[in-house]
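Based on the sequences and whatever the hints tell you, model everything.
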Amino acid sequence: MNLTGQQTLPVSQAQAWAALNDTAMLQAALPGCESIAPAGEQAFDVLMAVSVGPVKARFKGRLQLSELNPPQSYRLGFEGSGGPAGHGKGQAAVSLTALSATETRLDYDVTASVGGKLAQIGSRLVDAAAQKLAEDFFARFKAALVERHPPPVAEAATPPPPTPATTGWWARLRAWLARRIG
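For the sequence shown, position 171 matches number 171 in my numbering, and the numbering has no gaps at all.
Honestly, I wouldn't trust all of these hints.
Unchecked claim - Once the Cα atoms are required to be at most 27 Å apart in a straight line, the calculated DSSO-like pairs of lysine-lysine come out as:
#, residue 1, residue 2
1, Lys89, Lys142
2, Lys89, Lys117
3, Lys132, Lys89
Everything labelled a hint here was simulated from the structure, so no lab data went into it.
Laid out in structure tokens, this is it:
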């Protein structure tokens, strides 16, 4: 299975990097994730519930970060087992490119393989489930980024400069006539 894509994140490159390395934020954004716990140098144990078609299981897995190039890129290796439901392993290349002071493009390229019951249900179903998981993750991740780093409030528009119709003797005459006529 291959999954490639890109997302525009509404934060700076440094903020995006920090968020991608915040286990609490990732756990909240990853659908079905029950825990992410440190397990050594740049390694994490993960527990998550996953449904792929008729196969539902709790997967225990490990994530390993490598080739770290802060705040631009890293490689993420992963493997997990869901008991009789099957197993999976793969890797992802993740890169961040600053588009502006408040926008960053995240590119990802995932290669994975599955075995057990997961492999028996068909690659189209597995690919569709992986795509849905990625879409849900990025929707939740972006919402968390906006909550943590709200966009700057736009300044109020400055009023137009006064014209003769709104100042001086003409404005006073109009105001006087309005009071007299009603």
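To see whether the hints hold, each was checked on the structure:
For the hint pairing Lys89 with Lys142, the CA-to-CA distance comes to about 26 Å; that is within 27 Å, so the pair holds. Straight-line distance between C-alpha atoms of Lys89 and Lys117 comes to about 14 Å, which keeps the hinted pair within the 27 Å bound. The straight-line distance between the Cα atoms of Lys132 and Lys89 is roughly 18 Å, inside the 27 Å bound, and the hint therefore holds.
Every hint from the earlier list agrees with this structure, and none is contradicted.
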